[in-house]
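Colleague: Chains as they are written, first to last, in my numbering: chain A, 1 to 314; chain B, 1 to 314; chain C, 1 to 314; chain D, 1 to 314; chain E, 1 to 314; chain F, 1 to 314.
Don't read these hints as lab results, they were simulated from the structure. Be aware that one or more of the hints could be misleading.
It does not matter which identical chain is used: a pair holds within one copy or between any two.
Taking lysine-lysine pairs in the DSBU-like style, the calculated list, with each CA pair at most 30 Å apart, reads [said to hold, decoys possible]:
#	residue 1	residue 2
1	Lys112	Lys59
2	Lys206	Lys112
3	Lys112	Lys56
4	Lys157	Lys56
5	Lys59	Lys172
6	Lys172	Lys56
7	Lys112	Lys172
8	Lys157	Lys172
9	Lys157	Lys59
10	Lys193	Lys157
11	Lys56	Lys193
12	Lys56	Lys206
6 protein chains.
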Amino acid sequence: MAERLVYINGDYYPEAEAKISVFDSAVMLGDCVTESTRTFNHVPFRLRDHIERLYKSMKVCRFDCGLSPDEMECLTLEVIERNLPAYEGMDLWIVHNISRGAYPPTGDQSTKRTPTIIIHTAPMDLRYWAPFYVIGCHAVTPPSRMVPAQSLDAKIKNRSRMAYTLAELECKLVDPMAQGILLDLDGCLTENKGGNFFLVQEGVLKTPRTLNALNGITRQTTLEIARNLGIPTLETDLQPYDVYTADEAFFTSTPYCIMPATRFNGLPVGEGVVGPVTRRLLQGWSDLVGLDIVQQALQQLPADQREELLSCAP
Amino acid sequence: MAERLVYINGDYYPEAEAKISVFDSAVMLGDCVTESTRTFNHVPFRLRDHIERLYKSMKVCRFDCGLSPDEMECLTLEVIERNLPAYEGMDLWIVHNISRGAYPPTGDQSTKRTPTIIIHTAPMDLRYWAPFYVIGCHAVTPPSRMVPAQSLDAKIKNRSRMAYTLAELECKLVDPMAQGILLDLDGCLTENKGGNFFLVQEGVLKTPRTLNALNGITRQTTLEIARNLGIPTLETDLQPYDVYTADEAFFTSTPYCIMPATRFNGLPVGEGVVGPVTRRLLQGWSDLVGLDIVQQALQQLPADQREELLSCAP
Amino acid sequence: MAERLVYINGDYYPEAEAKISVFDSAVMLGDCVTESTRTFNHVPFRLRDHIERLYKSMKVCRFDCGLSPDEMECLTLEVIERNLPAYEGMDLWIVHNISRGAYPPTGDQSTKRTPTIIIHTAPMDLRYWAPFYVIGCHAVTPPSRMVPAQSLDAKIKNRSRMAYTLAELECKLVDPMAQGILLDLDGCLTENKGGNFFLVQEGVLKTPRTLNALNGITRQTTLEIARNLGIPTLETDLQPYDVYTADEAFFTSTPYCIMPATRFNGLPVGEGVVGPVTRRLLQGWSDLVGLDIVQQALQQLPADQREELLSCAP
Amino acid sequence: MAERLVYINGDYYPEAEAKISVFDSAVMLGDCVTESTRTFNHVPFRLRDHIERLYKSMKVCRFDCGLSPDEMECLTLEVIERNLPAYEGMDLWIVHNISRGAYPPTGDQSTKRTPTIIIHTAPMDLRYWAPFYVIGCHAVTPPSRMVPAQSLDAKIKNRSRMAYTLAELECKLVDPMAQGILLDLDGCLTENKGGNFFLVQEGVLKTPRTLNALNGITRQTTLEIARNLGIPTLETDLQPYDVYTADEAFFTSTPYCIMPATRFNGLPVGEGVVGPVTRRLLQGWSDLVGLDIVQQALQQLPADQREELLSCAP
Amino acid sequence: MAERLVYINGDYYPEAEAKISVFDSAVMLGDCVTESTRTFNHVPFRLRDHIERLYKSMKVCRFDCGLSPDEMECLTLEVIERNLPAYEGMDLWIVHNISRGAYPPTGDQSTKRTPTIIIHTAPMDLRYWAPFYVIGCHAVTPPSRMVPAQSLDAKIKNRSRMAYTLAELECKLVDPMAQGILLDLDGCLTENKGGNFFLVQEGVLKTPRTLNALNGITRQTTLEIARNLGIPTLETDLQPYDVYTADEAFFTSTPYCIMPATRFNGLPVGEGVVGPVTRRLLQGWSDLVGLDIVQQALQQLPADQREELLSCAP
Amino acid sequence: MAERLVYINGDYYPEAEAKISVFDSAVMLGDCVTESTRTFNHVPFRLRDHIERLYKSMKVCRFDCGLSPDEMECLTLEVIERNLPAYEGMDLWIVHNISRGAYPPTGDQSTKRTPTIIIHTAPMDLRYWAPFYVIGCHAVTPPSRMVPAQSLDAKIKNRSRMAYTLAELECKLVDPMAQGILLDLDGCLTENKGGNFFLVQEGVLKTPRTLNALNGITRQTTLEIARNLGIPTLETDLQPYDVYTADEAFFTSTPYCIMPATRFNGLPVGEGVVGPVTRRLLQGWSDLVGLDIVQQALQQLPADQREELLSCAP
């Protein structure tokens, strides 16, 4: 198969040579905004929406990458084009990372710097998440709390993510396969390191407001699918009690679209199986993107694991 | 002059070639701990203390870099040794950056990864701060608030620092030369992107507790110097009112040791000049490290700028 | 022109003689409720609504001014009537200030006191704000936080406003012409010293809830105008990120109705110009009140300033 | 007896004519700082400390009254001098109120304004508090919470005091003679509208830190007296539980120095009587100021009330 | 009349003998969930809803009582059946208390324990509340704050209720007949020890969200009745200001359905009388349950008290 | 062996018959205060201190049990005396539970009720904790937060402990043998369901302040022992970072005195073994109480378990 190429500030590099200076502010300060888009059948999904959010992030971070959104879109399509030969039979991620550029070792922020633009692709490897489509994952709340928006707003999609990593590791103490769901300072549900959270209560699809969470494009799409399917939706403050007593729950994120959660802090969510509203929304996603997202993931598993999984499904 | 060399996982690279993969978790997640040590007359200052704090940071972040603290100390001394030829007549920074290693694109944190160990040096360029020794800097509180410790504890010296960067840029709206001092969620003083804060009230040297701030080694050293000089010290909660009505104020950080602050949010601190307790502490620092830290900085300025500065000093 | 007269507890005084005792609780305790109403073409706008809110403020403050709302309305109309000769060709403010009366120097609050009722008028001098209709103002968030409702509810329109004054002065450090917009303790937008705040995101007009803000009559009127124009509205929690990424933003207050904000903390709001939704709402206001509110303000400027302003408008 | 004279911006007025414009920012914005000093035997107590705090308040409020502290001290002594004939046999308050001056009706804060300096005196009428020396007062916590320092710092002694007034009125619902003691947002004790709070636990004199309270001069003096008497002191966070279980409690404020509190929220404090540490401190105060402060107050009561009071004392 | 019988873990006991071990975790830890249902004309009201909430409470508390919800419903009906002879002419409460069982004196929570199931009935004695239907009650906010959901979620209907009891006693200091309404940590209205709170503002029926309050079945029913009557409803954050300025207010709870509140912290709510919306909702309740709930309560009063009450009603 | 007898309101009952009414407010409201004292060699330890705290709890809860502290002490000694025959060769707990008495089903709190006084004993069974003396326990922070003092002060030793139970069960998800340590709303360490927490940092013994924790008598005693041994002590705010980087940690509580904690949230504390300061304090405890508290616990284990444990100890 063809080699994957990473775009860095005007040039393309094979992955093994795709590097940035250790003095880049991405490394020195986590001062880097980002987007992750995926393709379905090699068509990027809502790429323009991702690019627009990327520019919002840059604006709030007070830097300009030197390209217009249109230029960024063209460039991104070129990166995909160049990499497609490496993705026969497999969808891909497209990841943008844009840092403020070289790090000023003194406190002097006034030096003009050239931002670092990195665009890479990656195989849409779904094997980690695939079993969750069938049996659901285990959602766990860590003791650490979400960074509040008045400190760093999660709506800025950024790479200063140590807080998420540490919280996720706390969750792994409960279950090595746990998927974290952070609480805010008031104890309300927010998001996790890469996804939003939803639950179903008496037929209504509910998800936290975005006061302390990214307004995920997958989140928005899921709300739209639900509305199209006639499922009532509500963006509101949710608490652990709501998950314990919900009928269904799931995460949303770019790679897996919807990841059912059938346990929460050690207790079953609803009946402890992937529920009917979640199934309808998964189907809605498959219809929207033109491929069966569950089958795509399951096909990546070895045949015996897939069969075992399906046999133990309810 | 000789070329500077950067240590990365066992090898030495000239600075221009010192790079890490764009897939490193330092880049992808800001998942990187750090220390910055400096030399005085080419002797590293409290290197062992920095290394011990580095290992505390790694422990709390739940990863192991594969070297013992002793090995890290030897390695660091070797990095300095190799770089000293490049620092004739100039002191240097020694910076450790250790990330968790390659980034797992799925949520799977269980993969064993090799941490990335980077040790680089940098010239102790003090020109940005040098004028502040004479006329003091302008400390400014931004509207954004410090990340609270229950989200990400500042005592973990880490590279997920976008919050500090954005807050600092807010301060620059008030004054392009402003030095930020963040407030915590209760409105108490914490620290800034690289330093602790002190003030003097009626002869007592006060500094915020470390509930939402790094326990800086320069902070500790300054407290020790004060105690040796018979200056009473107090670690306590401080508020903007305390700075407005203080007699003196300053920041502490590795490169500059003490940076006097003579204005606060547009108002003079005390008489608006570098005060006597600050001067005694600066002298105490010079005595401790065996060189005149103020002169070292001023000597880096062009002669005319230096003279102008000294002529306008009170 | 005729002299303006101030009503104080039953008598009328020329402005220069309109005084209250230095022992009044307005002076000694800021213990005073207030309303500011304006006229359009000499017709007071929603005077009854203002009077009703004034009585709500008095009730919550636990004192009774001795007049019924009807009597207060009649009296107010009389004050206007008496002052109209002084306002040829100019609209006017009508300001009510009602304090609890004389201040008891001991802690004894049980003494029966006679409230001090002051009603004055003032010329509707719009020169300060006029340029903002054309080029927009600069909205800035100060580091100080809004007084929370459980300490003193902003819905009580009161004269204990030092917190607003100090916050406004903090904003002026960023820009001498800045218009402050305070954040609450959670970092959400509230109001400023005399106005509410709105923004437009993808065609929806949004404004903070009134948990920590006055429910302004201009705010209510603007929401009504929007609904009449078919513009969707939403009262919700808003954060700085929302302003940075909004298409348009503005303040509302009695004198200027709508004051466009085209910059926020140093960054342009949307395109950095007065936007189309704001223009429609300004037009809606003009239609409602029967005069062109923008022209009224601009006409107060010297001709050369007005022309320069209009020439530099987009 | 001679007439009392009020100083206002350079002139002296009989009390009944001591007035300020209704357009002053003291009236319009509560934008006024203040001090209250008292005399003992016609000698002002720590006048210089009060004046220094007044200048701190002005500084933090960002205005300058046009007089130096020395000039203010001289002026104050002159005001006392002129008024002494009116205070035969009675001590007096000296009250400074300094506002920013005329109120700018538009948002324009840049206009240069002349501050309003008011200095008045008042008889040290202690009749309201006198019984509390004998039987103690009833301290009550209201449901409203102290304004937090990040909104308006209580260490700025200011006249925007509506929050205190409303909280005090809530306390009067429990007991018309109740003396309020406000809690901060975390539920810790702060201060009341004019005084600090102390309690005695197992021989240690404790008082809240000044994070959300004025650092009263009477508070400081009481701590000094205690230290001179060998009573251990502690400034720390205190909660209602601490008062319920304390041995003794009292308020401190300029007029009464120490006001014993023998009930708290309906329950007795300790034995419900004025306790021995409080008595020692009262004696210490009398010794310091050269008159028996309790007797001075009791002598102001009608003889029959005084006797009844003393007879019912324990 | 027949004797009342209490069900405890499989057996029936006369009330005087209905006891549980002092080692039960209900006694030792307040570790007990609960429901209170009432009958109207001996028909239990929404019993199934109560049982379902009971099972939600048990789930969140992580224990299983050993019976299915269906079995619990049958058992409950049997308890009612057995007790009905004791309730001629009077409705009854049905109270479920289910504790985790015996208390493990060491920290060892892993021991398997048999939950304690208690079902008792009680006469629907409405005499305490009856006058409030006519003249309304006095709602009072205590200084203590509601336990936040991240500490113990009020949506778990539980018997660890000391916080409510102490807050209620604080309210009784204001008025021995006061009905408490607790504020949350942000100063918003929540609930009281056994009921939810509603108010009417300009024709809209509003009640706090359930972030810090039980989602009462009476609350839900009242909202349904309102919607059926065409009264607009809103679940939102409410503050004391909203009650002070409301037109009407009331509590809802199982025994009394709706209890009008005509005073709030010493001030009248609206006109200080039971208002028209409250009356319509009371009528709606009577219609729904097939008996006049107000008359039922008033009939329990002695005739003279009832007459006096009705004569003093507006 | 003799039968144990429980005292309930004047009578003695064998344990199996020691019951209280299901209508008691301990059961219905968790409205019950408590103390747990233990004996060493059959001598009760600081019984008077426990009784005094019990009376403080009752006072703050606003009820009176009808006995004086002296009477309660005599009664307690009598309960011990009567039960000693049942404790040959074993120490015992003495537990006081005092509830407000019968529960008023209506909101009427004014009814005079007779408190329920229960005093029971229990064998000092230390087998659950014994291994922790040798290998240390695993301290874990749950996601739920401590009830804040302004909701219910932990210094009131009470039986409304569901919040502690649920938090403890969350910790057991991490490790079935975990010992919880709750964080307060700011993320600082507090206490757990029955004990205080200490850590050792560079030779200093630190423990959280009691703002959100019981001031345990074992806590006080441990501080006293430390001071007597010349170990510096500090009561201050502590955070998870402090435990991760501490040298040693332990819990204190009545039954086990000191329980070493050698792991914290999955990571070793210090070297992961019981440290030298902890050992000195354990020895200090043994010296104080006149028996080897570690041996006492280990002797309760089966010989083979004890040997295995000691062999695996470091």
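Colleague: So, for every hint listed, does it hold in this structure?
Modeller: How the hints compare with the structure:
no.	hint	verdict
1	Lys112 with Lys59	within (16 Å within a copy, 37 Å between copies)
2	Lys206 with Lys112	neither (45 Å within a copy, 36 Å between copies)
3	Lys112 with Lys56	within (20 Å within a copy, 35 Å between copies)
4	Lys157 with Lys56	both (9 Å within a copy, 29 Å between copies)
5	Lys59 with Lys172	between (35 Å within a copy, 16 Å between copies)
6	Lys172 with Lys56	between (33 Å within a copy, 21 Å between copies)
7	Lys112 with Lys172	between (42 Å within a copy, 14 Å between copies)
8	Lys157 with Lys172	both (24 Å within a copy, 23 Å between copies)
9	Lys157 with Lys59	both (12 Å within a copy, 27 Å between copies)
10	Lys193 with Lys157	both (11 Å within a copy, 21 Å between copies)
11	Lys56 with Lys193	both (20 Å within a copy, 24 Å between copies)
12	Lys56 with Lys206	both (26 Å within a copy, 19 Å between copies)
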